[in-house]
Amino acid sequence: MREFLQGLLANTIASSQKKVEDDTDFFLLGLDSLQAIQMRSEILKSVELGGRHLGQNIDAASTAVEKEMQALINKYGDISATTASAVVVTGAAGSLGAYDVSKLASNPDIATTLCLVRAPTKSQALFA
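So the sequence shown is residues 1 to 128, counted in UniProt numbering.
The hints are simulated quantities; they were obtained by calculation from the structure and are not laboratory data. A hint or two may mislead.
[Said to hold, decoys possible] Derived Cβ-Cβ restraints for the label pairs, each shown as a range:
| # | residue 1 | residue 2 | range |
| --- | --- | --- | --- |
| 1 | Q124 | G50 | 38 to 46 Å |
| 2 | T112 | N11 | 13 to 21 Å |
| 3 | M1 | A105 | 31 to 39 Å |
| 4 | A111 | R2 | 42 to 50 Å |
| 5 | S85 | L34 | 44 to 52 Å |
| 6 | I73 | S46 | 25 to 33 Å |
| 7 | A105 | I37 | 18 to 26 Å |
| 8 | T121 | I73 | 17 to 25 Å |
| 9 | G97 | I73 | 33 to 41 Å |
| 10 | D22 | K122 | 41 to 49 Å |
Glycine included, each C-beta is placed from N, C-alpha and C at the ideal position.
Please construct the entire structure, taking both the sequences and the accompanying hints into account.
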């Protein structure tokens, strides 16, 4: 199973890295949320789960994502909001974006979360 998943990841991101280690951060290798969904689909097709459910969220990556977010906070200084703020999110329709929005929605320092989502057509975008 480990070799299958490592190979699937390497093929999905067309990695030049020969071996994907157990602790390799998928997203630092360049995996995006669409590719994560494609990997999930391939796992569902190829692996007998024995009746178990394979989640849709990228919760396994949440620790790495949270570490990256904390590193950015540490890097860019002591920024503290005195009042609740608003946040604009792009890419909220993807798995990772939906995960980020759920985290933002539960943050008491954020009063408003605006999600910019691309409309299917120009006319719908102009009148939405």
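Results for each hint:
no.	hint	in the structure
1	Q124 <-> G50: 38 to 46 Å	holds, 43 Å
2	T112 <-> N11: 13 to 21 Å	violated, 41 Å
3	M1 <-> A105: 31 to 39 Å	holds, 35 Å
4	A111 <-> R2: 42 to 50 Å	holds, 44 Å
5	S85 <-> L34: 44 to 52 Å	violated, 29 Å
6	I73 <-> S46: 25 to 33 Å	violated, 38 Å
7	A105 <-> I37: 18 to 26 Å	holds, 22 Å
8	T121 <-> I73: 17 to 25 Å	violated, 38 Å
9	G97 <-> I73: 33 to 41 Å	violated, 19 Å
10	D22 <-> K122: 41 to 49 Å	holds, 46 Å
Consistency with the previously given hints fails for numbers 2, 5, 6, 8 and 9, ordered from lowest to highest.
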